[in-house]
Each structure stands twice: as structure tokens, then as C-alpha cells.
Amino acid sequence: MSERIVNHLKTPEKIFPLNRINESQTFNPELNIEREKYYFSSVETPSFRIWRSYDSVIIGKFLDPEKEVNLSLAKRLSIPVLARPSGGGAVFHDLGNINYSIYLPENILPAGRIEDWFQALSFPVLETLKYFGIPFTLEITGSILINGFKISGSAQAKSGEHFIHHGTLLVNTDLQRLELLLKRGGRSKCVPVINLSDLINDIKVEEVIEIMERTFQNSFFYCKGKSITSVIMENGLRNSHAEEESKRTASLLSGGNRKC
Amino acid sequence: MLTFPQNLKYHEKHMWVREDGTTGVTDFAQKFLGEILEVRVKPVGTTVIRGNPIGEIESFKLISDLISPVSGAIIKVNEEALRKPTIINEEPYGKGWIAVIEMSNPKELDELLTSSQYEKLTQEYSSPNLW
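In order, the protein sequence lines correspond to chains F and D. With the working numbering applied, the first sequence covers 1 to 260. With the working numbering applied, the second sequence covers 261 to 391.
Looking at chain F on its own, in the form it has when it is part of the complex:
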């Protein structure tokens, strides 16, 4: 048995909060993806960041950009196509889309199977949607759907002692641009997408970022022996104006945008 596993079993009861990465803000897509790779390979305590990028297409590490992206349009619009270190399909980023990343040392991965990791680590989006009173469904691959429309996706990578889970939340992304840039023939699934702004009147990206930030402040990993659980202190997230917020939530009518 390895020393690592033995040491891990001896770990007493512990609580690991998620620390915000100390960084200067950038909307530069290349720099943001470089930072993702760097933090993934170097962060040693549970950490997170919330970030946005100017228009860019970000594809799973193993994807063929030819198959996933309308490259000639991307070139014409000077939109960079970049590979992230994790799996999954292609996503379109602009300032209307919020990205979050969680970096964990492998011995603080929540218990369970891969689908449980996706569920446990999707809390920034799940709790934000709960806050706004929006019903959702979470798929085993981390896609979050509202009435059948995808609003969030996530992906993961694990290398050496390091682990990353990162995801998106569409708030007021240019969905037309997204549709034109992403091809549906490759690995990326053919799903209709929706913005949070289609569901909540007058929602601002900054407002959503603030709520998401609070979900991180109110969560931690509880570790006893080999059992790791991610815990959300829901009380800390309660919105004193919950009723007011729910009034702002538009009824979930049919509509939205089909990607194919």
C-alpha cells in the first residue's frame, strides 16, 4: 500500500474552505486558458476563481477544432479557438458567460464516482439557480438544463496530484454568435441553449457573479478519514428578498434558442 493512501487514512477530521485565487482580472481568452492550465498544475489547496473572457471558442483537450468549430468564421471575426486541459465539447465564451473553476488536490476529491464529482462540484451554478428560484435538472455529465434548455456545462481533468473542475453559466451570451461558431457534428452535443437573462428580467452579469461568489464563501469540504463531502451552508445563501427575486423570474415559457 502506498504511503499516500496510508497517510490519507490517518487524516483526522478536517474542514477545507475554498480559497479565491489571488489574481489580477483579465478578459483575455489566451491568458485565461493559460491561467487555467497553470492553476490546475500548481494549486495545492482547494481554490476557486470566477472569470470571463472576450469572444472565444474553448474546446475539450482531445477535440478536433475542424469538426467542432466553424473555423473560417472564427478567423474572419478574429475569435481565438483554444483547447482547455479538460474533456468534453466546445463552448463559446463572451462577457455574457460566467466561468468558474475549482482546483483540488486529489486527496480532497469528494466521495463517489465521476458522476458524483460532477454533481458535488457543480454547486456554484446549482446554488445560484436555487437562489433565483429557477428549477433545473442536472445531467450526469454536469450539464444543467432549464426546461430542456442547457444553461451550464462543466468538465474535469486530473493529473498527478491535481484536479480541476470548471464550468460555464450563460447569463446574456450572444447565442446567435454561439450558434454560428459551433458545429454540431462532432463530439459536442446538439442541445438547445438558454441565457439566464431569458428567465430573469433585468439580470446583470455582475449581480450573478456576486451570488456565485457567495456560494463559494458558503461552501467547504468536510474530510474525515477517507470520506470527503462537499458542504453548502444554505443559510448563508438565503436571499432576504427571495420573494422579490422570484417575482423577477419570468415564467419558463417555450422559446430560447436551438443550436441545431
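Wrong hints could be hidden among the right ones.
SDA-like, lysine to any residue: derived pairs with alpha carbons at most 25 Å apart [claimed, not checked]: (1) F:Lys204 <-> F:Ser42; (2) F:Lys150 <-> D:Leu297; (3) D:Lys273 <-> F:Thr45; (4) F:Lys37 <-> D:Glu316; (5) D:Lys273 <-> F:Ser41; (6) F:Lys67 <-> D:Leu342; (7) F:Lys67 <-> D:Glu316.
Rather than coming from a laboratory, the hints here were simulated on the basis of the structure.
With chain F held as given, fit chain D onto it using these hints.
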């Protein structure tokens, strides 16, 4: 029912290796990963070190390292598994082998787990934090 063939040696990171240096992922690993979508292996000729990555594997939307169970040089890669990774799910110890490593130190085999030791490891710790 998971299988742990007795004629193989096992690395705790869920790789098996045969005496001739053929290696692949264990039945436990393929079950844990679910449908394998993509496998990448370092090219033939690459020197690998025991416990370090020999390649990468994707399932769900997770990409994780494949760990080399022994040190040596990759002399063969299973191109069929790269083209159709689900054969790893179907036959992890057969057609789904990953690579052949020419071992630089065959004594490393003695330091790996036996099938019963590895089986015990997977039972004791189940999946959490083990992958």
C-alpha cells in the same frame, strides 16, 4: 463482477502489466470510468517511468492520466484501442490492451501488487479518492 487475472501484476493506479511488458487499464478502472471516449498514448520509442503518465484517458468529461506500471520504453501501442476506445471497456485484459513496454528494470514487477492484493485494495477503498 470485476475480474483480477492472476497471471498479471497490478499498479495501484489501476494498471495491469504482463511479464512481457504488455499493459492496460484494469477492469475496476474501466468500470469506474464508464464509457471510454478517447485514449492517448505517448508515441513508440518514448521512455516512461513507473508511476508517471504513459498517456491520458477520457470518459464523461474527465481527462485523467494513465500511469505506467513499469519503467522502460514504449515499443508498441494498440492502435485499435486508440481508434475504438470502447474495446477497453469490453476487454480490458484482452483486445483493449494499451501498450507494450520494454522494461528497463524487470525487477519492478516484483514490487507491484498481486491480483489478490489489488483486489483487496479496490474492495477496501472502493472508488473514493482512489482513481
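Comparing the hints with the structure gives:
| no. | hint | in the structure |
| --- | --- | --- |
| 1 | F:Lys204 <-> F:Ser42 | violated, 33 Å |
| 2 | F:Lys150 <-> D:Leu297 | holds, 22 Å |
| 3 | D:Lys273 <-> F:Thr45 | holds, 22 Å |
| 4 | F:Lys37 <-> D:Glu316 | holds, 16 Å |
| 5 | D:Lys273 <-> F:Ser41 | holds, 19 Å |
| 6 | F:Lys67 <-> D:Leu342 | holds, 18 Å |
| 7 | F:Lys67 <-> D:Glu316 | holds, 21 Å |
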